[in-house]
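So the chains spell out like this:
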Amino acid sequence: MPRRKKRKEIFALGNEAVVEGALLAGCSFYGGYPITPSSEIMEIMAARLPMTGDGVFMQMEDEIASMGAIVGASLAGRKVMTATSGPGFSLMQENLGYAIMAEAPLVLVNVMRGGPSTGLPTSPAQADVQQARWGTHGDHPIIVLSASDVQECLDMTITAFNMAEKYRTPVILLLDEVTAHTREKIEVPNEGEFEVFSRTVPSMPPEWYKPYEETVRGVPPMPPLGAGYRFHVTGLTHDRNGFPTQRPEEIVELLERIHRKIDQFFYDIQLVDEVQTTDADVVVIAYGSVARSAELAVHQARLNGVRAGLLKLKTLFPYPRRHTEKILGHARTLVVPEMNMGQMSREVKRVNMGRASVRTINRVDGQIVTPSEILKVIMQG
Amino acid sequence: MNGLTGNDVIHQYLRHNKKFPHVLCPGCGHGIVLGTLIRSIHALSIPKDDIVVVAGIGCSGRLAVYVDFNTVHTTHGRALTFATGIKMANPKLKVIALMGDGDALSIGGNHLIHAARRNIGVTALVLNNSIYGMTGGQSSPATPEGATTMTNPYGQLDKAFDTVELARGAGANYVARGTVFHVKKLEKIMIEALGRPGFSLVEAITPCHTQYGRKNKFKTPVDMYQWLKKSAIDVERYEELADDKREGRLPIGVFFRRDRNGYEERYYAMKEALTGKGAKGGRK
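Protein chains in written order, with numbering that gives the first Met the number 0: chain V, 0 to 380; chain Z, 0 to 283.
Among these hints, one or two may not hold up.
[As the list claims (entries may be wrong)] Covered, in the sense of this in silico footprint (three residues per stretch, anywhere, with C-beta under 8 Å from a C-beta of chain Z), are these stretches of chain V:
id, region
1, 68-81
2, 142-154
[To be verified] Far from chain Z, some chain V residues (derived; all Cβ distances over 10 Å):
id, residue
3, V55
4, W207
5, I268
6, R358
No lab work stands behind these hints: they were computed from the structure.
Just so it is clear, CB atoms sit at the ideal spot from N, CA and C, and this is done for glycine as well.
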């Protein structure tokens, strides 16, 4: 084995790590609007992108425009990103739906703060989980990822770009204020140590190209605007050529394909970390900064003789059903701690279907869920 | 003009695999604007592959699907935000935003202000028919004072939005107005707008008889074109009129020209200054 080249170590904020990850993944276009607690992502992008290759940074007039600009740039062939927080996330829903319908790859980072409305701008929360799943109108598929520490901010941002490009879809990365504003040492992977995926471009001549063709993977190739493939992109329900349609069979084909292209690759998309789950009677299901509290609580419970484990969700949607099912084979109790009034526990209960007892721990006071709170519930069995 | 005239030119630029007929009503002026746009592009010999038509939502938004360019039919009012992203991502593209009056001035008003402020290299066409046509004839910001609409059955209370003054104040490079009755003049304006750097705005007055005219004392579509003929006046002559003579007149022509660089030019110049490269911009 050749010795691994030493990785660069940096001392970074979660938000800085997101930028590092994005640039490693090939992000060359950022459009955004400032909002706490995500602003560092935008500020660092503003400094870095003009200095890199063909990088473009745009401060837009609002979050609606930010999404419009990045969807436009994505259609023009760029790997694109924006970052925001609660109120901005609400404004982005309109063009997020457009990107899903037009199948434009993009990465949207939402650093969650307390809501509703202006809420708690500088305090952590995880209250946008269901909004990330269902925020834009209409039946739609979506990939939602999460990160629990600074290293994961970098790694999951790369993953988010790869999934966006691979499946021609928007990917939402949900962080919370604690993860985004924690500063810790991380390793920046060297080139070649991580996968970089770019969208498939058509290899056929333009006259054969159908922009929304039915394919086995369900992901049609996508040329940049101006490359000789002159096609129509629309938010209207469209046929394989991209032209608007109201024919029932064409509507169904489109909606089924955009769902299928995500659903059938669940094994690639649903990512989790498991800590001592194999023999666990009590399993904590957590994500984001809460997963760090949960990990400590699980270790302490083991020291106290309780067979506890942690299922850390890195993919929130599509919900990692098969990992949960496996745990339900032996777990008596599932503990779901969250900084909201019970958003992910709905998914857990849906999969659980009454098998194990589901205990929720919910904080909405702008404070983190502590290890001792989780430990207390684990010890109750 | 490659020896082609009239309909031959238009047909060359239409998507024949798109199922016609189109969605527009008899008497609508939108087709005239689209035809004028096609002739202007043809006159400038811009390759089809380099043109991106970005449209909003409404009757005007539907025009994009008929033409054989790169076409993006976006969300209501947001065409200019997509256009900005496309132009910045690839400055070699000729980006044209097609919008209606409700689209550009109401829901998209903020985007229009900021596209003009940045002076982004996009040609914006505002097809002003004074009404929300597709949704059934509700008031738009361009509906004249006193007009009757579905949402102002007792008469519009506010004055129509002055697109020209808005764009002037916000910082656009070029603003002109034409009508679908004065087609030659509109074509001249469009050719100039498409050839200029920075943000150009062309307001095309186009009648909507179905939703506006017949509810506002225009008996036939022809009456609406007669009204355009009678009320339009060259902006130079309009400037010379006494204030009391200006009432009811519609100034057309070029209102102003500026020569500030487009945002994308300034951005890529900054990149070049920072890194010693990058002004080539965009990629194919």
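Status of each hint after checking the structure:
1. Residues of the region 68-81 of chain V with a Cβ under 8 Å from some Cβ of chain Z number 11, which satisfies the need for three, so the listed coverage holds.
2. Counting residues of the region 142-154 of chain V whose C-beta sits closer than 8 Å to any C-beta of chain Z gives 0, which falls short of three, so the coverage hint is violated.
3. V55(V), annotated as away from the interface, has a beta carbon of chain Z within 10 Å; the closest lies near 5 Å.
4. Distance check on W207(V): its Cβ is at least 13 Å (rounded) from any Cβ of chain Z, clearing the 10 Å threshold; non-interface status holds.
5. Remark: the non-interface label on I268(V) is consistent with the geometry, its nearest Cβ contact in chain Z lying 27 Å away (cut-off 10 Å).
6. Listed as outside the interface, R358(V) is consistent with that label: its C-beta sits roughly 42 Å from the nearest C-beta of chain Z, beyond the 10 Å cut-off.
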